[in-house]
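Participant: Each chain is listed here by its residues.
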Amino acid sequence: MGSVTVYGPPISTAVSRVLACLLEKDVDFKLVNVDMAKGQHKSPDYLKLQPFGQVPAFQDEHATLFESRAICRYICDKYANRGNQSLFGRNGGGPAERAQVEQWLEAESQSFNPPSSALVFQLAFAPRMGLPQDPAAIELNQAKLAKVLDVYERRLGESRFLAGDEFALADLAHLPNAHYICAAGKDDMFASRKNVARWWEEISTRPSWKKVVDMFSAPPA
Amino acid sequence: MAVKVYGKPQAVCPQRVMHCLVEKGVPFEFVLVDIDAMEQKRPEYMEKHPFGQVPFIADGDFELFESRAIVRYFAAKYADRGPNLLGRTAEERAKVEQWLDVEAISYSPCAFTIVFNLFLLPIRGLPGNKGEAVAAMEKLDKVLEVYEKQLSRTKYLAGDEFTLADLTHIPVTRYIVEHCGLAYLLDDKPHAKAWWEDVSRRPAWKKVMSFVASGASFYSP
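Here the protein sequences come in this chain order: A and B.
Per full-length UniProt numbering, the first sequence starts with residue 1, numbered consecutively.
Per full-length UniProt numbering, the second sequence starts with residue 1, numbered consecutively.
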């Protein structure tokens, strides 16, 4: 043990997704920054870890992996007996409980992520990079995201968390994009929906996520 | 009571689910949801599937949406039947998950844009957006270059056995190759081309195609 390395800047939404999972699971890790402004993510050495030139990449003594949600699933399986043990359905909950988590993790990936990623880029990263914002893109993606959050509002009126009564990977996967959208002042999308607001308050105040947010402002390793 | 799969049999995402069930020898009833008439957006259907999409499955009392969550569920439930679609160790499974996510996030969005603009719109007598299709083809070509590298090292995406990571690519790739005239994208990628020829000739996939062509409602292994 003790050989987990995550590659990428902590402010990246996909990197922070993995960090949140490692912290929930009490798994120690080393974070190695990848300076994307300098193109390090396209260097031949990095492409050996992540052939698409994206962040994060992940290594432990058994595996080298990419795709943040696949990495989170692996962490939950590999370190099943550490930290939070109900991220993927409870131990002994069976295929049906796990499938519920998978369902909402897919919903996050397929329905929530596209419009929320576009908004995160427009609201949080474009200004940082000195790029102009596109008001039409913001409006379009806000409207798409609103429809998704309406579905969540209904679901979270029936269930404490998306996949059931326990905080799970399906909820965790939402933390990075939602954080940036709220931090950029568009938190009314979440606050104006009673059940979504309750859910967001609960998941975003988890100690593991607070630690990740602290890492956003730490100097790079 | 047999598994019920709701959707349109010609549609890509329901075909993923059917293929998984056929590989595992699981009988099912296919219940038509007329997506051309927007049946999936009617309130009765959206009671089951809050995002108003296909497929949706019912396995006895257990209900699920998102095709990739569904195939993971059946592959795990019937792990001891038919081919091993999920890997045997945490590391093997993680590789399957990794390439499943690549398919969902990098491969299919481009592939769907191509199929939408070069096939779906034209058969309805509507103009497709050639510019979007060309941009998507260029992206897909770059993704396929990464696949070519991987498939020069392993017979299938996640290793030397066919898994869910290969399975989820098949329906949309068939549309690209057979209905959008883009078989040539594989011509300069001998390993990717051999992989496509191998996976598209699997007996289970051929059974899915026959089932779809027959218009039958019930599949028995």
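To be clear, the hints were calculated from the coordinates, so they are not data collected in a lab.
Treat the hints with care, since some could be wrong.
Here are the simulated SDA-like pairs of lysine to any residue, each with C-alpha atoms no more than 25 Å apart in a straight line [said to hold, decoys possible]:
(1) B:Lys77 x B:Pro27
(2) B:Lys155 x A:Lys38
(3) A:Lys42 x B:Lys77
(4) B:Lys189 x A:Tyr46
(5) A:Lys147 x B:Gln150
(6) B:Lys149 x A:Lys147
(7) A:Lys38 x B:Ser106
Participant: Which of the listed hints are broken here?
Facilitator: 2, 3, 5, 6
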